[in-house]
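Each chain, written out:
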Amino acid sequence: EDQVTQSPEALRLQEGESSSLNCSYTVSGLRGLFWYRQDPGKGPEFLFTLYSAGEEKEKERLKATLTKKESFLHITAPKPEDSATYLCAVLTGGGNKLTFGTGTQLKVEL
Amino acid sequence: EPEVTQTPSHQVTQMGQEVILRCVPISNHLYFYWYRQILGQKVEFLVSFYNNEISEKSEIFDDQFSVERPDGSNFTLKIRSTKLEDSAMYFCASSTWGRKETQYFGPGTRLLVL
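Taken in sequence, the protein lines are chains A and B.
Residue 600, in the working numbering, is where the first sequence stops; the numbers in between run on with no holes.
Residue 219, in the working numbering, is where the second sequence stops; the numbers in between run on with no holes.
In short, the hints are calculated from the structure, not lab data.
All figures in this text were calculated on a predicted structure; none of them were measured in a lab.
Some clues are possibly wrong.
[What the hints assert, rightly or not] Chain A stretches covered by chain B per the calculated footprint, using a threshold of three residues with CB under 8 Å from any CB of chain B:
1. 556-567
2. 581-589
[As the list claims (entries may be wrong)] Below, in silico cross-link-like pairs of lysine to aspartate or glutamate (DMTMM-like), each with a Cα-Cα straight-line distance of 20 Å or less:
3. A:Lys553 - A:Asp492
4. A:Lys532 - B:Glu106
5. B:Lys147 - A:Glu550
6. B:Lys183 - B:Glu123
7. A:Lys549 - B:Glu206
8. A:Lys559 - A:Glu571
9. A:Lys569 - A:Glu505
10. B:Lys188 - B:Asp167
11. B:Lys188 - B:Glu164
12. A:Lys559 - A:Glu535
13. B:Lys147 - A:Glu499
14. B:Lys162 - A:Glu505
15. A:Lys532 - B:Glu108
16. A:Lys569 - A:Glu535
17. B:Lys147 - A:Glu546
18. B:Lys147 - A:Glu560
19. A:Lys569 - A:Glu550
20. B:Lys147 - B:Glu123
21. A:Lys558 - A:Glu546
22. A:Lys549 - B:Glu164
23. B:Lys147 - A:Glu535
24. A:Lys553 - A:Glu535
25. B:Lys183 - B:Asp168
26. B:Lys162 - A:Glu491
27. A:Lys532 - B:Glu149
28. A:Lys549 - A:Asp492
29. A:Lys547 - B:Asp167
30. B:Lys147 - A:Glu491
31. A:Lys569 - A:Asp529
32. A:Lys569 - A:Glu545
33. A:Lys559 - A:Asp529
34. A:Lys532 - B:Glu123
Glycine included, every Cβ here is placed at the ideal spot set by N, Cα and C.
Construct the entire structure; sequences and hints are all you get.
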């Protein structure tokens with residue numbers, strides 16, 4: 491069974507304090523790894539898709555990387571508006587379902 | 106920017122009642138999905154739908170659940186006889202193709218079963 495583990499569960503940063511969120515996975519046949527942002531009471535908002543080890547994607551203060559066992563979401567000089575839960579999900583096998591991790595709840599304080 | 110929309114945003118129902126949750130996927134998308142998220146838990150896959158039939162479903166998606174695309178724009182999830190444990194956020198998602206394409210999620214319907 492595919493497993494996705496995210497760490498830490500919660501992270502509190504000061505504005506401007508860079509850090510990384512981890513998503514480790516144990517799956518058979520990774521076809522894609524997705525990062526989403528989720529605000530309280532809202533739906534997941536797409537951030538990045540990574541398909542193969544070594545791939546990197548960047549958007550504003552966020553950068554996602556992928557290895558054969560894990561993905562990192564690096565947050566550079568975060569701002570309070572980056573506060574949210576960040577979800578990692580994998581697409582595996584022959585189907586179309588996403589398997590999600592439990593997320594990292596990020597809070598950025600002034 | 107095109108987005109997935111869902112109605113209603115909140116629904117309260119009595120145990121045993123039928124509910125229908127509605128979604129309008131992004132217009133040029135061909136794959137449609139339902140996920141749910143019980144409060145404090147991870148997002149879980151329920152079902153995927155392509156070409157007017159279910160392409161994949163999870164163990165959660167039992168005989169009490171059904172999906173339908175009644176017209177060219179709507180995609181619905183019906184729960185025939187709701188249980189207390191069906192209380193959750195239900196998210197609709199869509200993608201252009203299934204194989205590797207990004208799934209875009211709607212804002213969700215919060216279902217509370219009393």
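Now the hints, each set against the structure:
1. 556-567: violated (count 0)
2. 581-589: holds (count 6)
3. A:Lys553 - A:Asp492: violated (24 Å)
4. A:Lys532 - B:Glu106: holds (17 Å)
5. B:Lys147 - A:Glu550: Measuring from Cα to Cα gives roughly 26 Å; hence the hint is violated.
6. B:Lys183 - B:Glu123: holds (7 Å)
7. A:Lys549 - B:Glu206: Holds, because 19 Å separates the two Cα atoms, which is no more than 20 Å.
8. A:Lys559 - A:Glu571: violated (30 Å)
9. A:Lys569 - A:Glu505: Given pair lysine 569 of chain A, glutamate 505 of chain A holds - Cα atoms ~5 Å apart, limit 20 Å.
10. B:Lys188 - B:Asp167: Judged against 20 Å, a Cα distance of about 13 Å means the pair holds.
11. B:Lys188 - B:Glu164: Given pair lysine 188 of chain B, glutamate 164 of chain B holds - Cα atoms ~16 Å apart, limit 20 Å.
12. A:Lys559 - A:Glu535: Violated, at roughly 24 Å.
13. B:Lys147 - A:Glu499: holds (12 Å)
14. B:Lys162 - A:Glu505: Given pair lysine 162 of chain B, glutamate 505 of chain A is violated - Cα atoms ~42 Å apart, limit 20 Å.
15. A:Lys532 - B:Glu108: Holds, at about 13 Å.
16. A:Lys569 - A:Glu535: holds (18 Å)
17. B:Lys147 - A:Glu546: violated (25 Å)
18. B:Lys147 - A:Glu560: holds (18 Å)
19. A:Lys569 - A:Glu550: Holds. Lysine 569 of chain A to glutamate 550 of chain A sits at ~11 Å (cutoff 20 Å).
20. B:Lys147 - B:Glu123: violated (25 Å)
21. A:Lys558 - A:Glu546: holds (13 Å)
22. A:Lys549 - B:Glu164: violated (36 Å)
23. B:Lys147 - A:Glu535: Holds. Lysine 147 of chain B to glutamate 535 of chain A sits at ~15 Å (cutoff 20 Å).
24. A:Lys553 - A:Glu535: holds (16 Å)
25. B:Lys183 - B:Asp168: This hinted pair holds, its Cα atoms lying about 10 Å apart.
26. B:Lys162 - A:Glu491: holds (15 Å)
27. A:Lys532 - B:Glu149: holds (15 Å)
28. A:Lys549 - A:Asp492: violated (28 Å)
29. A:Lys547 - B:Asp167: violated (38 Å)
30. B:Lys147 - A:Glu491: Distance ~16 Å between lysine 147 of chain B and glutamate 491 of chain A Cα, so the pair holds.
31. A:Lys569 - A:Asp529: holds (15 Å)
32. A:Lys569 - A:Glu545: violated (25 Å)
33. A:Lys559 - A:Asp529: violated (27 Å)
34. A:Lys532 - B:Glu123: violated (24 Å)
Violated hints, listed in ascending order, are 1, 3, 5, 8, 12, 14, 17, 20, 22, 28, 29, 32, 33, 34; each of the other numbered hints is respected by the structure.
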